[in-house]
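J.: What follows is the residue order along each chain.
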Amino acid sequence: MAYSDKVIDHYEHPRNVGSLDKNSPDVGTGMVGAPECGDVMKLQVKVNPNTGVIEDAKFKTFGCGSAIASSSLATEWLKGKTVDQALEIKNTDIVNELSLPPVKIHCSVLAEDAIKAAIGDYKKKQTSNKPEAVAVS
Amino acid sequence: MKLPIYMDSHATTRMDPRVFDAMKPYFTEIFGNAASRNHSFGWEAEEATEKARKQIAELIGATPKEIVFTSGATESNNLALKGIAEMYAERGNHIVTQVTEHKAVLDTCKRLEKEGVRVTYLPVRQDGLIDLDQLREAITDKTILISIMYANNEIGVVQPVKEIGKIAKEKGILFHSDAVQAVGKIPVNVTADGIDVLSLTGHKLYGPKGAGALYVRRRNPRVQITAQMDGGGHERGMRSGTLNVPGIVGLGAASEICRLEMPEESKRLRFLRDKLKDTLMNELDEVYINGSMEHRLPHNLNISFAYVEGESLLMGINDIAVSSGSACTSATLEPSYVLKALGAGDDLAHSSIRFGIGRFNTEEEIDYVANKVINVVRKLRELSPLYEMAKEGVDLSKVVWAAH
Chain A
1368 MAYSDKVIDH YEHPRNVGSL DKNSPDVGTG MVGAPECGDV MKLQVKVNPN
1418 TGVIEDAKFK TFGCGSAIAS SSLATEWLKG KTVDQALEIK NTDIVNELSL
1468 PPVKIHCSVL AEDAIKAAIG DYKKKQTSNK PEAVAVS
Chain B
37 MKLPIYMDSH ATTRMDPRVF DAMKPYFTEI FGNAASRNHS FGWEAEEATE
87 KARKQIAELI GATPKEIVFT SGATESNNLA LKGIAEMYAE RGNHIVTQVT
137 EHKAVLDTCK RLEKEGVRVT YLPVRQDGLI DLDQLREAIT DKTILISIMY
187 ANNEIGVVQP VKEIGKIAKE KGILFHSDAV QAVGKIPVNV TADGIDVLSL
237 TGHKLYGPKG AGALYVRRRN PRVQITAQMD GGGHERGMRS GTLNVPGIVG
287 LGAASEICRL EMPEESKRLR FLRDKLKDTL MNELDEVYIN GSMEHRLPHN
337 LNISFAYVEG ESLLMGINDI AVSSGSACTS ATLEPSYVLK ALGAGDDLAH
387 SSIRFGIGRF NTEEEIDYVA NKVINVVRKL RELSPLYEMA KEGVDLSKVV
437 WAAH
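Same order as they appear, the protein sequences are chains A and B. First residue of the first sequence: 1368, per my numbering; consecutive thereafter. First residue of the second sequence: 37, per my numbering; consecutive thereafter.
No lab work stands behind these hints: they were computed from the structure. No experiment lies behind these values; they were computed from the predicted model shown. Do not take every clue at face value.
What the hints assert, rightly or not - Derived pair list, reagent style BS3-like, types lysine-lysine, alpha-carbon separation capped at 30 Å:
1) A:Lys1483 <-> B:Lys434
2) B:Lys87 <-> B:Lys178
3) B:Lys415 <-> A:Lys1446
4) A:Lys1491 <-> B:Lys415
5) B:Lys87 <-> B:Lys101
To be verified - Here are the in silico distance ranges between beta carbons for each label pair:
6) B:Val430 <-> A:Asn1415: 46 to 52 Å
7) B:Arg50 <-> A:Asn1415: 44 to 50 Å
8) B:Asp321 <-> A:Lys1389: 34 to 40 Å
9) B:Phe396 <-> A:Leu1454: 53 to 59 Å
10) B:Asp310 <-> A:Val1470: 35 to 41 Å
11) A:Pro1468 <-> B:Arg127: 49 to 55 Å
12) A:Gly1447 <-> B:Lys245: 51 to 57 Å
Unchecked claim - If you want the ones that stay clear, here's a sample from chain B, every Cβ over 10 Å from chain A, calculated:
13) Lys90
14) His130
15) Glu173
16) Arg253
17) Arg255
18) Gly273
19) Asp383
20) Glu418
21) Leu422
22) Tyr423
23) Glu424
All C-beta atoms in this analysis are idealised placements derived from N, C-alpha and C, irrespective of residue type, glycine included.
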C-alpha cells in the first residue's frame, strides 16, 4: 500500500497523543469505532468555557496508518477553533489533506465522527453543569 | 545484514541460486518441446522433465508416473476437485472439506456447488485442527472426495493427515490434500499418509513460480481425473499443454534440495522461529499465538498483539516483509477468514502478524526483527485507547461501542 508522505509523517510523528482528564467539565471525550472493525478512535478536546475556543486536543487511536493520521490531523486542526467551527470539519477535508485512497476514506469519516462525538460530549456537560441559582444564606 | 528482510515465506520464497543454475540451460540451449518425439531437441527436453518427475516423486514417496505437471497449486487444486467431481459423478456428488482451506480450494468448491455438487465445510477447533469425529459423521454414501490441506498457509497448523487418510480408506473415499505449505518442509509420504491426490507448487520450495504438480495415485486405488485443460492429451491425458520445461526443471531441482536438506533445515528454522516467539513473548504482555503450537510447521509464527492494529504495525516495521490478518491489509477490508474460523474474535484478527521464516533468514535477522517488533508494538500501545482502557481495568468485552 502506498502511503502519502503526510500519512507517513503523522504516523512517525503523531501530534497530540495522550489523554485529558475526562472528568473535567471543560473536556469533551468522543470514542468511536469498534475493535471488531479494526478502528477505534478516542478524541478529546479542552474548551475554554468563556470563549468557546478549543485550547487543547488529544487523541489515541487503534487502527491503520490512515486512521492514526486522520485522528492526529484532526487534533491539529481543532486547536484554536471554536466549538462551532470544529463541527464544520468534514471528512473530505481530511481525505484531501492526507491524499487518502478510496479504500481508506472510512478512516476520515471516523475522525469526523470522533470530532462530533467529542464536541457533543462537551456540550452535554455544559447543559447539565449549568449552575443552579444558589441561594446564599 | 541486508534490508528489507524477507520473512513472508508462506506467500512465496526466493529462488535458491542452485535451482536457478539448474534452470538456466533450458531457455537458450536446451529449448526443445518435450513432446517433440522426432529430434534430439525434444528428447533432451523430455529427459529433463522426466528427471524432474522423479525428483518430485522422491520428495513425497510417489512414483514418477503419478506426477502431473501444472502451472501451480491453484491449477492443481482446480484439477483435483473438478476432475474428480466429473469423473466420479456416477458414484456420488458430495465433497467434504474444511473452512480454513486456501481460496483455490474454497472457490473451486463454490463453483462446483453452483453445478450441483454438495459440499460440507467442516469447522475447525480453536487450535485450528478439524475434529475427526465430525469428519466421520459428515461422510455419506454419496461422498466421493475428502479434501483437507496438509498445513495451513496462515497459521501453519498441520492437520491430522494420517488419521484422515485412515478414515478415507475405511470408507472407500478418495483423499486429496493441498500440501503446498508442507512439501519440502516436513516429511510428506503419500502412502504412509494415505493420500490419493496431492497438490504442490515450486515457488513455496525456493523454486520458480508458474510450475506446480498434482500427484495422482495409480495403485490402491487407481485414481482417474477428467482433464480440465484439453488439447493434445499431455500428461497421460490429464493435463494438455506444452510443458514448461525450465519451470519443471526448477521444480525438480528445488524438490531434490528440499529432500536432502530438510532434516537439518527444519531443525534450524524451528530454532529461529522459537527464538523469535520466545523473545516477543518475554518482552511484551498480551501476546497470543494463533493456532496449535504443537501441530505446526517449524518455520511459521502467527501471533496477535492485543490492542495494536496489524496494518499500523506493518507500517512501523516497514523494512521487514511479513503479512497480517488485519482487514486493513486485505483488498476487501475483510479480516482473515482463517483467524475468524479459530473463533479468535475480529479484534485479534486485526492485530495478527504472520512470520514465515525461510532458508535464507539468519539469526541476526531474527534478532533485528524481534527488536523492531517489540519497539513498534510498545509505541503503538502508547497510541492505543484500547490498551489504555485495559490498563485501567476496563473489561473491553463489556463495552458498548459506537461503531458506524
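J.: Against this structure, judge whether each hint is valid.
T.: For each hint, the structure was consulted:
1. A:Lys1483 <-> B:Lys434: 24 Å, holds
2. B:Lys87 <-> B:Lys178: 39 Å, violated
3. B:Lys415 <-> A:Lys1446: Roughly 24 Å separates the two Cα atoms, so the pair holds.
4. A:Lys1491 <-> B:Lys415: 33 Å, violated
5. B:Lys87 <-> B:Lys101: 11 Å, holds
6. B:Val430 <-> A:Asn1415: 46 to 52 Å: Given about 30 Å between the Cβ atoms, the range is violated.
7. B:Arg50 <-> A:Asn1415: 44 to 50 Å: The hint (44 to 50 Å, Cβ to Cβ) is violated, given that Arg50 of chain B and Asn1415 of chain A are roughly 59 Å apart.
8. B:Asp321 <-> A:Lys1389: 34 to 40 Å: This hint is violated: roughly 25 Å between Cβ atoms.
9. B:Phe396 <-> A:Leu1454: 53 to 59 Å: 55 Å, holds
10. B:Asp310 <-> A:Val1470: 35 to 41 Å: 36 Å, holds
11. A:Pro1468 <-> B:Arg127: 49 to 55 Å: At 50 Å between Cβs, range holds.
12. A:Gly1447 <-> B:Lys245: 51 to 57 Å: 54 Å, holds
13. Lys90: 43 Å, holds
14. His130: His130 of chain B clear of chain A: closest Cβ-Cβ about 34 Å, beyond 10 Å.
15. Glu173: 32 Å, holds
16. Arg253: 43 Å, holds
17. Arg255: 50 Å, holds
18. Gly273: 45 Å, holds
19. Asp383: 4 Å, violated
20. Glu418: Not fine: 7 Å to the nearest Cβ puts Glu418 of chain B too close to chain A.
21. Leu422: Answer for Leu422 of chain B: violated, closest chain A Cβ roughly 5 Å.
22. Tyr423: Answer for Tyr423 of chain B: violated, closest chain A Cβ roughly 8 Å.
23. Glu424: Per Cβ check, Glu424 of chain B is inside 10 Å of chain A; nearest 6 Å; violated.
The earlier numbered hints that this structure contradicts are 2, 4, 6, 7, 8, 19, 20, 21, 22, 23.
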